[in-house]
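Chemist: Given the sequences, and given the hints that come with them, work out the whole structure.
Spelled out, the chains give:
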Amino acid sequence: MASIVLIILGLIGVSYGFWDSHHYKTVDDVKVLLAEEAHHGDGHGEAHGADHGGTHATAGHHEADAHGESDEHAEEGHHMSHEEHVLHQIHNRPWAALYVGAFFFFMIALGVLAFYAIQYASQAGWSPVLFRVMEAITAYMFPGAVIVLLIAVASGTIGHYNIFTWMDPEVVEHDKLIQGKSGWLNMTSFVIRGVIFISGWALYRHFSRKFSIAQDNADDNKNFKKNFRISAGFLVFYIYTESMMSWDWIMSVDPHWFSTLFGWYVFASMFVSGITVIALITIYLKSKGLLEFVNDSHIHDLAKFMFGISIFWTYLWFSQFMLIWYSNIPEEVTYFMTRIEYYKLPFFGMLAMNFIFPLLVLMNSDYKRIPWFVVMAGIIILCGHYLDVFNMIMPATVVDRWFIGAPELGAVCLFGGLFLFIVFRALGKAPLLAKGNPMIKESEHFHY
Amino acid sequence: MEASKVVHAIYNDDDVLMAAVKKVKAEKHHIEEIYTPFPVHGLDKAMGLAPTRIAITSFLYGCVGLTVAILMMNFIMIKDWPQDIGGKPSFSYLENMPAFVPIMFELTVFFAAHLMVITFYLRSRMWPFKKAENPDPRTTDDHFLMEVAVHGNEKELSSLLKETGAVELKFIDKEDTH
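Chains as they are written, first to last, in this note's numbering: chain A, 1 to 448; chain B, 1 to 178.
These are calculated hints, taken from the structure and not from any lab test.
Possibly wrong hints are sitting among the right ones.
[Claimed, not checked] Computed list of chain B residues with no C-beta within reach of chain A, every gap over 10 Å:
1) Y61
2) P135
3) K155
[Claimed, not checked] No more than 30 Å apart at the CA atoms, straight line, and that leaves these computed lysine-lysine pairs for DSS-like:
4) B:K170 <-> B:K25
5) B:K22 <-> A:K441
6) A:K286 <-> B:K170
[Said to hold, decoys possible] Far from chain A, some chain B residues (derived; all Cβ distances over 12 Å):
7) E33
8) L107
9) K162
In this text, all values refer to a predicted model and were calculated from it rather than measured experimentally.
All residues carry an ideal CB built from backbone N, CA and C; glycine is no exception.
Modeler: Rendered as structure tokens:
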């Protein structure tokens with residue numbers, strides 16, 4: 001019920017975002033807006049700056065801004081006025097907001113799918129009691145991934161190349177760098193790759209769920225063994241496709257920029273948010289008395305994973321940042337320049353939320369057993385990783401015109417609602433204890 | 001307070017030992033010490049030992065290590081001689097911080113690990129050339145030994161320990177063994 005309310009709220013937010021951004025139809029409208037902002041800036045610069053995260057406080061700032069843009073022109077080699085750029089950014093915002101929300105929830109489901117496959121492949125003894133929770137969360141993976149791909153494609157066909165500039169033939173025509181990459185970055189192969197990724201993941205998800213249900217009433221372990229084998233195979237497939245997916249769906253929003261450990265970085269982000277969601281849903285179901293075989297040692301183990309993978313994420317974030325900061329090669333460092341200049345709060349705020357907070361809160365072994373502590377840490381981690389995706393997409397699409405307002409929150413509500421709806425419907429479709437699993441006895445008595 | 005007289009009860013199975021510990025505790029006898037060849041899971045809980053605080057000390061040592069790293073590099077690189085080395089900004093600590101993080105991390109781990117190990121040695125009184133305190137060499141191989149204080153109740157105690165499955169009982173005056 002709550003999920004439907006969320007979906008409706010989200011739809012309202014998203015459509016408001018589109019409507020609001022299309023207020024500004026022509027370059028002249030933007031000129032009026034900029035003049036208004038400049039006027040505002042003179043009048044009460046402080047308040048205005050604080051309102052918009054200090055992104056466009058004064059007229060002077062806009063001059064500097066325009067300079068930055070004109071540098072970009074020289075690089076891209078096509079001529080667009082400052083107002084046209086701003087107009088494009090304003091139109092990008094609802095698209096990017098939708099994309100960030102869609103990707104965030106899809107990424108949770110895919111992270112859980114990877115975690116689930118690892119539990120099977122490593123024959124973990126503690127986790128089988130949580131398998132049904134994980135299977136339910138991965139039910140969102142397929143629709144979620146299709147939505148992400150559709151938004152990506154629609155932004156290039158229905159929209160005006162609002163997320164990926166390399167989809168715009170006019171841009172590519174003037175851009176030697178993108179031309180060089182067009183063997184990989186073109187619409188046809190983008191769609192083909194996306195379909196391959198999604199169908200591979202969905203096939204694994206479909207069969208592992210099928211074998212897992214079949215194992216419930218089987219008198220031998222045949223289904224379990226099958227699941228073990230396909231999990232190991234899936235993990236190999238996953239680590240390749242996840243990496244390529246992160247180039248396609250995330251890194252290519254900045255087609256001039258590249259990083260080698262980006263795939264791992266996105267993986268760590270999806271893995272930790274996936275584990276966090278497993279913990280949150282487990283705690284919720286347990287509080288409703290539906291998972292009486294889950295004890296606080298299971299929660300403790302999940303919290304340990306949240307803690308460990310949060311630090312792993314930080315390690316990758318820092319490795320990527322520090323290598324680029326240290327060598328300061330202009331073609332790479334612009335990525336972080338944009339983020340530090342316009343996204344100071346989300347950029348460093350997410351570091352505090354994804355690293356310092358879980359580090360201090362989840363270090364104590366006793367706290368990891370207290371549900372409300374884990375829930376609190378989990379919510380912060382999830383918000384932090386939403387910001388992480390936000391920081392990956394937004395600077396490339398709306399640059400300094402970001403704000404977390406109706407379009408962003410609407411997208412989160414929309415996909416959050418859809419996520420909860422699908423996950424809880426899937427939870428109701430099978431008994432919550434995978435009783436046929438050969439490891440289930442050990443898992444029920446697991447204690448640490 | 002150490003009793004002047006103790007009994008050494010020897011067991012040859014850790015499950016029997018665990019059951020014996022619970023029984024002896026239930027009868028309110030004071031267990032002075034238990035010697036085992038390997039860690040017996042849950043023995044500390046059964047004996048009612050207080051949980052260790054060594055992780056807390058380690059956390060504090062880590063904080064010390066982090067502070068040492070920050071103060072050291074702030075002094076050397078920023079305050080004392082802020083040289084321009086390859087264009088790195090040495091105007092303030094924060095501006096140059098990413099370059100210091102590897103050292104901050106390593107020193108934190110170094111302090112946390114080593115000081116914790118030294119704390120462990122001090123608290124458990126272990127050092128080279130220390131005289132071994134083992135009452136019976138078999139406890140390093142395959143026997144378990146429980147040392148229980150005796151206060152003139154030898155008969156009652158020996159029947160209780162026999163009942164719990166002890167394979168051997170020895171009554172000893174403490175002064176002699178040390």
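Chemist: Checking one constraint from the list: CA of K286 (chain A) to CA of K170 (chain B), max 30 Å. Satisfied?
Modeler: violated (52 Å)
Chemist: Mind checking the alpha carbons of K170 (chain B) and K25 (chain B) for me, to see if they're no more than 30 Å apart?
Modeler: holds (19 Å)
Chemist: Would K155 (chain B) pass as off the interface with chain A, using Cβ distances and a cut of 10 Å?
Modeler: holds (40 Å)
Chemist: Measuring Cβ to Cβ, find out whether L107 (chain B) lies farther than 12 Å from everything in chain A.
Modeler: holds (16 Å)
Chemist: Can the restraint linking K22 (chain B) and K441 (chain A) be considered satisfied, given a maximum Cα separation of 30 Å?
Modeler: Holds, at roughly 27 Å.
Chemist: Please confirm whether P135 (chain B) is truly not at the interface, meaning its C-beta sits more than 10 Å away from all C-beta atoms of chain A.
Modeler: Holds, because the least Cβ-Cβ distance between P135 (chain B) and chain A comes to about 33 Å, which exceeds 10 Å.
Chemist: Going by Cβ atoms, does E33 (chain B) stay more than 12 Å from chain A at every point?
Modeler: Nearest chain A Cβ is 27 Å from E33 (chain B), so the label holds.
Chemist: Taking the minimum C-beta separation from K162 (chain B) to chain A, is that value above 12 Å?
Modeler: The claim holds: K162 (chain B) sits with its nearest Cβ about 33 Å from chain A, beyond 12 Å.
Chemist: Mind verifying the non-interface call on Y61 (chain B)? Its CB should be farther than 10 Å from each CB in chain A.
Modeler: For Y61 (chain B), whose nearest Cβ neighbour in chain A is about 14 Å away, the distance exceeds 10 Å, so it holds.
When held up to the earlier numbered hints, the structure conflicts with hint 6 and nothing else.
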